[in-house]
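Participant: One-letter residues, chain by chain:
2 protein chains.
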Amino acid sequence: MSIEMNQGRMEELSRVYRDGLLEDTLPFWTKHCVDHEHGGFMMSLDRDGRLVDTDKGVWQQGRFTWLLGELYNNVEPREEWLELAKHGAEFLDQHCFDPSDGRMWFHLTREGEPIRKRRYAFSESFAAIAYGELAKATGEDEYADKARMTFKRFVDHNLNPQGVEPKFTEVRPTKSLAFPMITIATAQELRDSIGLPDANEWIDRSIETIRRDHLSSELRCVLETVGPDGAFVDHFDGRSLNPGHAMEGAWFIMLEGKLRGDDGLVKTGLQMLNYSWEHGWDEEYGGILYFVDSKGLPVQEYWHDMKFWWPQNETIIATLMAFLLTGDEMYGQMHSKIHDWAYKHFPDPEHGEWFGYLHRDGSRSSSLKGNLWKGPFHLPRMQLTCWKLLELERV
Amino acid sequence: MSIEMNQGRMEELSRVYRDGLLEDTLPFWTKHCVDHEHGGFMMSLDRDGRLVDTDKGVWQQGRFTWLLGELYNNVEPREEWLELAKHGAEFLDQHCFDPSDGRMWFHLTREGEPIRKRRYAFSESFAAIAYGELAKATGEDEYADKARMTFKRFVDHNLNPQGVEPKFTEVRPTKSLAFPMITIATAQELRDSIGLPDANEWIDRSIETIRRDHLSSELRCVLETVGPDGAFVDHFDGRSLNPGHAMEGAWFIMLEGKLRGDDGLVKTGLQMLNYSWEHGWDEEYGGILYFVDSKGLPVQEYWHDMKFWWPQNETIIATLMAFLLTGDEMYGQMHSKIHDWAYKHFPDPEHGEWFGYLHRDGSRSSSLKGNLWKGPFHLPRMQLTCWKLLELERV
Numbered sequence: 074m075s076i077e078m079n080q081g082r083m084e085e086l087s088r089v090y091r092d093g094l095l096e097d098t099l100p101f102w103t104k105h106c107v108d109h110e111h112g113g114f115m116m117s118l119d120r121d122g123r124l125v126d127t128d129k130g131v132w133q134q135g136r137f138t139w140l141l142g143e144l145y146n147n148v149e150p151r152e153e154w155l156e157l158a159k160h161g162a163e164f165l166d167q168h169c170f171d172p173s174d175g176r177m178w179f180h181l182t183r184e185g186e187p188i189r190k191r192r193y194a195f196s197e198s199f200a201a202i203a204y205g206e207l208a209k210a211t212g213e214d215e216y217a218d219k220a221r222m223t224f225k226r227f228v229d230h231n232l233n234p235q236g237v238e239p240k241f242t243e244v245r246p247t248k249s250l251a252f253p254m255i256t257i258a259t260a261q262e263l264r265d266s267i268g269l270p271d272a273n274e275w276i277d278r279s280i281e282t283i284r285r286d287h288l289s290s291e292l293r294c295v296l297e298t299v300g301p302d303g304a305f306v307d308h309f310d311g312r313s314l315n316p317g318h319a320m321e322g323a324w325f326i327m328l329e330g331k332l333r334g335d336d337g338l339v340k341t342g343l344q345m346l347n348y349s350w351e352h353g354w355d356e357e358y359g360g361i362l363y364f365v366d367s368k369g370l371p372v373q374e375y376w377h378d379m380k381f382w383w384p385q386n387e388t389i390i391a392t393l394m395a396f397l398l399t400g401d402e403m404y405g406q407m408h409s410k411i412h413d414w415a416y417k418h419f420p421d422p423e424h425g426e427w428f429g430y431l432h433r434d435g436s437r438s439s440s441l442k443g444n445l446w447k448g449p450f451h452l453p454r455m456q457l458t459c460w461k462l463l464e465l466e467r468v
Numbered sequence: 074m075s076i077e078m079n080q081g082r083m084e085e086l087s088r089v090y091r092d093g094l095l096e097d098t099l100p101f102w103t104k105h106c107v108d109h110e111h112g113g114f115m116m117s118l119d120r121d122g123r124l125v126d127t128d129k130g131v132w133q134q135g136r137f138t139w140l141l142g143e144l145y146n147n148v149e150p151r152e153e154w155l156e157l158a159k160h161g162a163e164f165l166d167q168h169c170f171d172p173s174d175g176r177m178w179f180h181l182t183r184e185g186e187p188i189r190k191r192r193y194a195f196s197e198s199f200a201a202i203a204y205g206e207l208a209k210a211t212g213e214d215e216y217a218d219k220a221r222m223t224f225k226r227f228v229d230h231n232l233n234p235q236g237v238e239p240k241f242t243e244v245r246p247t248k249s250l251a252f253p254m255i256t257i258a259t260a261q262e263l264r265d266s267i268g269l270p271d272a273n274e275w276i277d278r279s280i281e282t283i284r285r286d287h288l289s290s291e292l293r294c295v296l297e298t299v300g301p302d303g304a305f306v307d308h309f310d311g312r313s314l315n316p317g318h319a320m321e322g323a324w325f326i327m328l329e330g331k332l333r334g335d336d337g338l339v340k341t342g343l344q345m346l347n348y349s350w351e352h353g354w355d356e357e358y359g360g361i362l363y364f365v366d367s368k369g370l371p372v373q374e375y376w377h378d379m380k381f382w383w384p385q386n387e388t389i390i391a392t393l394m395a396f397l398l399t400g401d402e403m404y405g406q407m408h409s410k411i412h413d414w415a416y417k418h419f420p421d422p423e424h425g426e427w428f429g430y431l432h433r434d435g436s437r438s439s440s441l442k443g444n445l446w447k448g449p450f451h452l453p454r455m456q457l458t459c460w461k462l463l464e465l466e467r468v
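Top line first, the protein sequences correspond to chains R and H. The opening position of the first sequence corresponds to residue 74 in my numbering, with each subsequent residue numbered one higher. The opening position of the second sequence corresponds to residue 74 in my numbering, with each subsequent residue numbered one higher.
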């Protein structure tokens with residue numbers, strides 16, 4: 074019972090993504106998460122928007138600020154979006170940097186007092202793209218400076234961490250897919266918003282790292298954690314694939330291929346998608362699994378077989394992009410499978426937005442709409458990206 | 074359809090626990106986990122005993138060594154158990170201490186090279202009870218010295234951590250139930266094995282901490298994480314209860330009450346049990362949940378509603394002990410519920426031992442029998458403790 078990806082289906086999907094973004098996801102957050110008293114956003118919301126924890130995650134401050142600026146710059150210049158984006162950036166400025174070392178925090182109280190900083194520096198990457206959109210929206214150099222500064226701190230800290238106690242000894246050094254992958258997306262965003270001069274170099278360098286060290290044609294997978302030289306680490310951590318993460322990387326690279334008209338990049342992205350589908354698609358229940366062992370052995374992480382919202386979001390983007398770039402109906406079928414499974418299980422028919430955490434069989438594990446990890450990012454980015462991809466197709 | 078806890082049922086249960094320990098759990102591990110080449114034990118086994126990761130967790134080295142010594146000292150002096158316990162202690166001595174600061178590692182390679190040390194010091198508590206049993210079994214002072222030394226390092230590091238970067242800032246300091254709870258059990262074991270002189274003081278102090286700071290009659294729960302003075306922390310972490318952990322603490326304290334003939338201690342343990350059952354027992358599917366919010370709000374940890382093996386083990390002990398101490402049939406009924414649910418879902422009928430990780434509905438999430446966290450500890454300790462409790466009852 075397969076749905077053909079024809080003009081009618083594409084128009085229907087385009088509406089689903091656009092209306093979902095503008096009439097469901099975005100209103101849920103703008104209505105419930107804005108802290109008018111202390112600034113910034115409170116994302117720990119239950120299914121009906123009720124606040125369950127006043128703490129603020131720094132990732133989510135940057136991500137929502139980015140989304141609002143992105144919508145203002147690329148959908149329509151609604152003043153309320155720009156105002157909210159400025160509200161987010163103000164909280165970033167005032168509370169999210171540690172003056173003692175310039176690094177960003179990870180977790181704050183409602184009032185902006187710091188609770189936790191992490192060993193890595195992804196708060197910086199999300200702040201960078203937020204500042205970038207505000208620079209583009211307002212034309213103010215100060216935002217562009219902050220975007221460049223936080224991007225620099227993101228890459229500097231990841232390449233050469235200072236002042237943090239390493240989690241592991243030097244006995245079995247490893248590196249993760251996250252850094253090159255997030256570097257690609259961050260540089261793509263900053264190239265678009267502030268014309269970051271060395272964006273292409275960072276993207277080239279990151280894609281080269283992924284191709285050389287993480288993409289294994291022997292194991293037919295994208296390795297999440299490898300040795301510094303790309304060696305396979307035959308232990309729990311080194312064998313654990315994160316197919317949703319690899320799907321995300323796949324579409325970043327396909328997008329780069331599309332923008333540059335570079336078929337080699339598109340092929341790399343397709344290969345990452347194919348491998349990640351082979352490992353990640355759950356043949357028994359549907360949906361993309363969180364962690365899968367590259368050799369089919371058991372995984373150590375407890376939530377390995379849960380269905381989180383974001384791997385589905387990233388797979389929906391990757392498969393749609395693959396279909397539109399290649400016209401290959403195989404990708405159209407994959408897109409239908411993941412789209413239909415996700416839309417059957419994740420949306421909350423009563424209060425809108427998506428649930429975040431389902432069991433393997435698609436039943437609900439938690440009623441949370443947001444927390445330190447989930448906020449208005451993967452879902453609305455998927456809705457925006459897929460809507461725009463389909464809209465371009467119709468032109 | 075309730076089973077009365079009569080003489081026949083108790084005799085049947087005693088057999089189930091004893092035979093399970095000696096004919097199922099113990100042989101599974103002695104057959105599959107011993108590393109004859111590099112020493113110590115490799116616990117990352119699949120359901121059939123096949124090795125899936127050669128790395129060694131330090132907790133499990135200490136815990137299995139303790140179990141073997143405990144069996145030698147309290148069940149029967151089988152030479153093979155003593156030899157294996159010495160084999161474990163030798164690996165602890167040779168590889169599990171960091172010479173640079175005397176602290177113990179958490180995670181090693183097969184060869185004993187260090188991969189990770191943690192901020193806390195529970196490796197030390199498990200090593201302490203392992204050395205204690207060997208001191209009792211062999212009469213050698215050197216083991217007793219090591220038991221005292223590692224116990225001292227365990228309490229010293231937890232009360233005054235040195236040389237570790239704290240995970241959180243000073244903005245919202247908290248403390249956990251784990252330290253006083255593990256201190257009770259460790260001191261009880263060392264009092265029994267080496268006559269630790271200040272064992273009772275440590276136990277009294279820890280019980281006082283739990284009663285004063287963690288046991289909340291207002292919220293009817295045992296708080297896992299509280300402020301330094303026991304204040305309720307109304308955020309995800311402060312609200313998250315760990316009912317299996319509190320059940321474990323409950324029987325440590327009931328046991329202390331039983332040994333001292335102190336009804337007040339028994340009552341504290343019963344109260345902890347009652348509260349933890351109210352929050353932790355899953356009325357819908359059965360079994361004890363991993364995390365539950367004390368106010369009924371959603372929990373942030375992903376695996377909150379999974380059924381892990383060890384909370385069931387600890388609840389089986391706590392409810393049986395409560396029944397035998399009070400004769401109250403309510404506890405007999407609780408024991409039947411948790412015993413029957415656990416024995417229906419966790420044992421592996423094909424290869425023996427228990428699975429560790431089930432979904433909320435009791436279906437299996439992972440085929441692993443062991444990893445860095447699961448090894449021969451909670452299950453065999455439950456089997457031994459319950460068997461011995463029931464055996465004493467018959468005398």
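These are calculated hints, taken from the structure and not from any lab test. Treat the numbers as computed from the prediction; the structure is a model and nothing was measured. Incorrect hints may appear among the rest.
Derived pair list, reagent style SDA-like, types lysine to any residue, alpha-carbon separation capped at 20 Å [unchecked claim]: (1) R:K240 x H:W446; (2) H:K368 x R:N79; (3) R:K417 x R:K368; (4) H:K240 x R:P239; (5) R:K240 x H:Y193; (6) H:K240 x R:R192; (7) H:K240 x R:G122; (8) H:K240 x R:T182; (9) R:K368 x H:R123; (10) H:K240 x R:Y358; (11) H:K368 x R:G122; (12) R:K240 x H:F428; (13) H:K104 x H:G359; (14) R:K248 x H:H180; (15) H:K240 x R:G112; (16) R:K368 x H:K248; (17) H:K248 x R:K461; (18) R:K240 x H:P172; (19) R:K368 x H:R120; (20) H:K368 x R:L124; (21) R:K240 x H:R151.
Not close to chain R: a few residues of chain H, all C-beta gaps over 12 Å, as computed [what the hints assert, rightly or not]: (22) S117; (23) T127; (24) K248; (25) V299; (26) D413; (27) S438.
Heads up, the beta-carbon is just placed ideally off N, CA and C, and yes, glycines get one too.
Participant: State for each hint whether it applies.
Facilitator: Evaluation of the provided hints:
1. A C-alpha spacing of about 18 Å is found between R:K240 and H:W446, which places the hinted pair at or below 20 Å, so the restraint holds.
2. As the CA atoms of H:K368 and R:N79 are separated by approximately 50 Å, the hinted pair breaks the 20 Å bound.
3. Annotation: proposed proximity of R:K417 to R:K368 is violated, straight-line Cα distance about 30 Å (limit 20 Å).
4. For a cut-off of 20 Å, the pair hint linking H:K240 to R:P239 stands: about 12 Å separates their Cα positions.
5. With a C-alpha separation of about 13 Å, the suggested pairing of R:K240 with H:Y193 holds against the 20 Å cut-off.
6. A distance of roughly 10 Å separates the Cα atoms of H:K240 and R:R192; the hinted pair therefore holds under the 20 Å criterion.
7. Annotation: proposed proximity of H:K240 to R:G122 is violated, straight-line Cα distance about 30 Å (limit 20 Å).
8. Of the supplied pair hints, the one linking H:K240 and R:T182 holds, its CA atoms being roughly 15 Å apart against a limit of 20 Å.
9. Among the hinted pairs, R:K368 with H:R123 is consistent with the structure: their alpha-carbon atoms are about 14 Å apart, no more than 20 Å.
10. Annotation: proposed proximity of H:K240 to R:Y358 is violated, straight-line Cα distance about 38 Å (limit 20 Å).
11. Straight-line distance between C-alpha atoms of H:K368 and R:G122 comes to about 17 Å, which keeps the hinted pair within the 20 Å bound.
12. A hinted pair counts as satisfied when its Cα atoms are at most 20 Å apart, and R:K240 with H:F428 does not qualify at roughly 29 Å.
13. For the hint linking H:K104 to H:G359, the alpha-carbon distance of about 33 Å lies beyond 20 Å, and the restraint is violated.
14. The hinted pair formed by R:K248 and H:H180 meets the criterion: a straight-line CA distance of about 18 Å does not exceed 20 Å.
15. A threshold of 20 Å between alpha carbons decides the hint, and for H:K240 with R:G112 the separation of about 25 Å lies outside it, so the pair is violated.
16. Taking the CA atoms of R:K368 and H:K248, the gap is about 40 Å. The hint is violated against a cut of 20 Å.
17. Between H:K248 and R:K461 the alpha-carbon distance is near 49 Å, which puts this suggested pair outside the 20 Å criterion.
18. For the given pair, R:K240 sits about 18 Å from H:P172 by alpha-carbon distance, which is consistent with the 20 Å threshold.
19. Pair hint R:K368 plus H:R120 holds up; C-alpha atoms about 16 Å apart against a cutoff of 20 Å.
20. For the hint linking H:K368 to R:L124, the alpha-carbon distance of about 13 Å falls within 20 Å, and the restraint holds.
21. Taking the CA atoms of R:K240 and H:R151, the gap is near 41 Å; set against the 20 Å cutoff, the hint is violated.
22. Distance check for H:S117 against chain R: the nearest CB is about 7 Å away, which does not clear 12 Å, and the non-interface claim fails.
23. The Cβ of H:T127 does not lie farther than 12 Å from every Cβ of chain R; its closest approach is about 8 Å, which violates its non-interface assignment.
24. Distance check on H:K248: its Cβ is at least 15 Å (rounded) from any Cβ of chain R, clearing the 12 Å threshold; non-interface status holds.
25. The beta carbon of H:V299 is kept farther than 12 Å from every beta carbon of chain R, the shortest such distance being approximately 16 Å.
26. Every C-beta of chain R lies more than 12 Å from that of H:D413, the closest at about 23 Å, which supports listing it as non-interface.
27. Residue placement check: H:S438 does not keep its beta carbon more than 12 Å from all beta carbons of chain R (closest about 6 Å).
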